[in-house]
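Using the hints, position chain B against chain A.
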Amino acid sequence: MAANQSQPLRPAPFSAPAWQLAPGLIIALALIGLVLLGLGALLHTAGTLEFEELWQSRYLRGVVWFTVWQAVLSVILSLLIALPVAMTLARLSHFPGRSLLLRLMELSLVLPTIVAVSGIIGVYGRQGWLTSLLNDWLPDHGWSLYGLNGILLAHVFFNAPLAARILLQALESVPAPRLRVASQLGLSGWWLWRAVRWPALRPVLPGVSALVFTLCFTSFAIIMTLGGGPRATTLEVAIYQALRFEFDFGQAAILATIQLVICGSLWWLVFRNRLESSLLPDRRFAETVSLKDSPGQGLGRVLLLGIFSVFLTLPLLAIALRGLPALWPASPMPSIYGQLLPATGRSLLIAVPAGLGAVVASLFTLAAANKPGNRILAAIPVTTGYLPLIVPPLVLGTGLFLLLRPQLGNSAQGWVLVSLINGLMAIPFVLQVLRGPLNAIDKNTLNQASQLGILGWYRWRWLHWPRLRRPIALGLAYGIALSLGDFGVIALFGSPGQPTLPVLLYQQLGSYRISEAAGTGLWLLLLLVTLFALLSRVARRAPGTNTEPAPAAAPEPRHA
Amino acid sequence: MLELRNLCFQYPDQSEEWRFHFSVAAGHCLAVRGASGTGKSTLLNLVAGFLAPKSGEILWNNQAIHNLPAWERPVTSVFQEHNLFEHLDVFTNIGLGLHPGMKLSCEQKLAIEQGLEQTGLGGFGARLPGELSGGQRQRVALLRAILRRKPVLLLDEPMTGLDPDARAIIRDLLLQEKASGITLILASHDEEDRKILADSNWNL
Chain A
1 MAANQSQPLR PAPFSAPAWQ LAPGLIIALA LIGLVLLGLG ALLHTAGTLE
51 FEELWQSRYL RGVVWFTVWQ AVLSVILSLL IALPVAMTLA RLSHFPGRSL
101 LLRLMELSLV LPTIVAVSGI IGVYGRQGWL TSLLNDWLPD HGWSLYGLNG
151 ILLAHVFFNA PLAARILLQA LESVPAPRLR VASQLGLSGW WLWRAVRWPA
201 LRPVLPGVSA LVFTLCFTSF AIIMTLGGGP RATTLEVAIY QALRFEFDFG
251 QAAILATIQL VICGSLWWLV FRNRLESSLL PDRRFAETVS LKDSPGQGLG
301 RVLLLGIFSV FLTLPLLAIA LRGLPALWPA SPMPSIYGQL LPATGRSLLI
351 AVPAGLGAVV ASLFTLAAAN KPGNRILAAI PVTTGYLPLI VPPLVLGTGL
401 FLLLRPQLGN SAQGWVLVSL INGLMAIPFV LQVLRGPLNA IDKNTLNQAS
451 QLGILGWYRW RWLHWPRLRR PIALGLAYGI ALSLGDFGVI ALFGSPGQPT
501 LPVLLYQQLG SYRISEAAGT GLWLLLLLVT LFALLSRVAR RAPGTNTEPA
551 PAAAPEPRHA
Chain B
1 MLELRNLCFQ YPDQSEEWRF HFSVAAGHCL AVRGASGTGK STLLNLVAGF
51 LAPKSGEILW NNQAIHNLPA WERPVTSVFQ EHNLFEHLDV FTNIGLGLHP
101 GMKLSCEQKL AIEQGLEQTG LGGFGARLPG ELSGGQRQRV ALLRAILRRK
151 PVLLLDEPMT GLDPDARAII RDLLLQEKAS GITLILASHD EEDRKILADS
201 NWNL
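Just so you know, the sequences run in chain order A and B.
Residues 1 to 560 (full-length UniProt numbering) make up the first sequence, in order.
Residues 1 to 204 (full-length UniProt numbering) make up the second sequence, in order.
Looking at chain A on its own, in the form it has when it is part of the complex (with noise of 0.2 Å):
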C-alpha cells in the first residue's frame, strides 16, 4: 500500500457549479415567464373592460359572494370533522385498520374529483343508496344533493380526509417526552387540549385552512356537477362559461383576475407570516403513551372513527358495484370500450408528459435551491413551488387561452398546453415528496463525497439516485395521477369530439348514462391503482444498494 499520489482523475461529468444551478433556474425562468405570459393577457384583456360597470352586474357579485361563501363553509365543515379525527387517530396509535384508513384518507389527494362525484352521485343523488333508504322512513325529506348541499359534502369529502392527516402530523410531531409528562400529570379534556393539543396544532391551521379554502375555491369538476344554475356556480365554471359558450372574454379576464386577487391575497398573508404547512402528509411514528381517558370516550372514538370510514368508503363502493358491471356486461366486447380506449391513450398522452415533466422540473428546482451561494438566484427556482397555489391552474389556462386564442388550431396544440399546466400544477406536489428525501442527507456524508471527489453526475448517481428512486417513483405517480383526473384545464382546451377520461366520464354524467359513467370512473380508478402498483413495484430494491423507505410510498416500517 504505497503513499503515492494516485494519477489525477478526470472531473466528474456535469461537475461544474453551473450544471446544478443552471437548469433549474432557466426551468423555474421559462415557467415563471409562461404564467407571467398568461396574466400579461388576462390583465391585457381586461384592462380594456370597465371594471366598476360589471361590478354592478347582479349575476357577477352573485358568483363571487357564493365562491368565498361555499369555500368559508367547506373550510369550516372540514375542520370540525377534521379536528376530531385527528385527535383521535393521535390518541389511538394501534388498531386494526389504522393505516388502511391512512390510506383511505390519502386517496383523496389523487382520487380525480369528478370520480368522486359520480361515487357520491351513486350514493346521496336521486337515485343513490342512502337516498332511497330516506325516501322509505322520510318520504318527504326535501333532501337534493345539487347545489350547496352536494357542493358542500363532496368538498368535505376531499378535504376533511386532507385536513385531517395534516392535523394527525402536527400532533405526531409532540415530543414524546411532552406527552409523557402530561400522562403522569394525568391530564384530560381541556388541560390536555390547552397543553398538548392546541401548541401542535396552531402553528399549522392557517396553512391547513388557507390550503382547504383555495381549493374549494378554485374547484371546478365539483361545481360544474353537483351545482347549477347561476345561484350555485363559482368563478371558476363562470370563468368557463365566458370562454367556452358566451366568448365573453372580458369578462372571463376579469373574473379569472378576481380569483387571482381572492387566491395570492391569501397566500402572500400565509407566507408573510410564515404558516407554510406541508401539503403532503408524511408517515412518521409516534410513540404510544396513553393517556388518561374518561369514562365513555372510547366507544365515541370507535364511533367517529367507524362514520368516518363509512363516509369515506362509500362512494368508492358505489362507483366500484355501480361500475363493475359496466366494464364486465355478459356480451364479449361491450360498445363502452369504444370510447373508453381512446379516451384512455388521450388521458395517458396528456399525463405522462405531464408527470415527467413534473418531476424533472422538481429535481432541478431543487438542485438548485440546494445550491449555496446567491440568495436571490436561489429564490428563483422556489417559488415555482408555490406558483400554482398563487395562480390557480383555470386562471392560467384562461390568460393562455387568451392569448393563444387566434392561434389554436388543431387539438394537439390544445393537449400540450393542458399537459403543460397539468405539470405545472403537480410541481407543489412532487416537490413535497422529493425535498425530504433529498434533504434528509447529513453534512457528514456530504462532506465524505465531496473528498472523495463524488461530484456532478457520480453524486447523482451515487449518493441521490438510491436514496431518491421510490420518492421519484411516487412524485411520478402523484404527477401522472394528478394530470389523469384534470377536468378544469382540458375543459377549456379539450373539444367534446375527443374526450380524456374525466370529460367523457362528465360528458355520460351530464347525458344521464349512469351505468356508463360508473364504468368510466371504475376504469379511471382501476388506472391510478395500476399506476400505482407499476411505479411502486420499478423502485424496488436495487442490487447493491438500500432505497429509504419513500415517506408515503412504504408499507409502514417500525423503524426508519
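Since the hints were made in silico from the structure, they are not lab data.
Please note: incorrect hints may appear among the correct ones.
[Stated by the list, open to error] 27 Å max Cα-Cα, derived DSSO-like pairs, lysine-lysine:
#1 A/Lys371 - B/Lys109
#2 A/Lys443 - A/Lys371
#3 B/Lys109 - B/Lys178
#4 B/Lys54 - A/Lys443
#5 B/Lys103 - A/Lys443
#6 B/Lys178 - B/Lys195
[Claimed, not checked] Facing chain A, according to a computed beta carbon distance under 7 Å, are these residues of chain B, among others:
#7 Phe50
#8 Ala70
#9 Trp71
#10 His82
#11 His87
#12 Leu96
#13 Gly97
#14 Pro100
#15 Gly101
Since the structure is predicted, the reported quantities are computational estimates derived from the model, not experimental observations.
Each residue gets a CB set at the ideal place from its N, CA and C atoms; glycine is no exception.
Positioned in the frame of chain A, the structure of chain B alone reads:
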C-alpha cells in the same frame, strides 16, 4: 511535510477565533490533544477543506493546498462514525474512494477484495453498513482511506467507542500505514492510542 502557517478560523456567529500553527514531517504521526470543544475537529475539517479558513496557509510539500476543493487535496478523513454511505454496500463504499463514479479497473476490484480479506472482512463486500458492527464499519472506512493512497490521513477519534480487539486491529493498520510513509494527524482522547501511534503531541 504538512505545514499549517498561522491558520485562522472563526465560526460565523462566534467571537472565539481558532489559530493553528504547526508542521508534521512525512511518515510521522501527530497526536492532537484537548478536551472536547477545543477545536480538534475544526482543525481536521480545515485541513480536509470542509471549512474555509479566514487567513493563513496550509502547505503540503511546500505547495499551498488551502485553496483547493476537498476532492483535490492530498488527504483522506476518517471520523468516529458516519464514514460510510448507509445506502450502499461495503464494496461500493470502498470502490467510490478509488473512483468517484465506480469505474474500477480489474486490479482495483482485486485490491478491494484483498483488502477486505486482510482486514478480516472477507465476504462482506455485499453487506450494507447497517449490518456490520461498529468495529467492522471502522475497518471498512479505514480500508477505503488506505486504498485511496493519499499521503495524509486525518483521523478524528477513529477508535473511540470500539472494543479492545477492534482497536488493536485498527492500530496495527495505522502503524503499517505510518511505516509506509503516510502522514497521520490523530485527534484522540485516548492516552494509549497516542502512546502507541504518535511521534509527537500537540496540545490545543
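| field | Hints that the structure is at odds with (numbers, increasing) | value | 1
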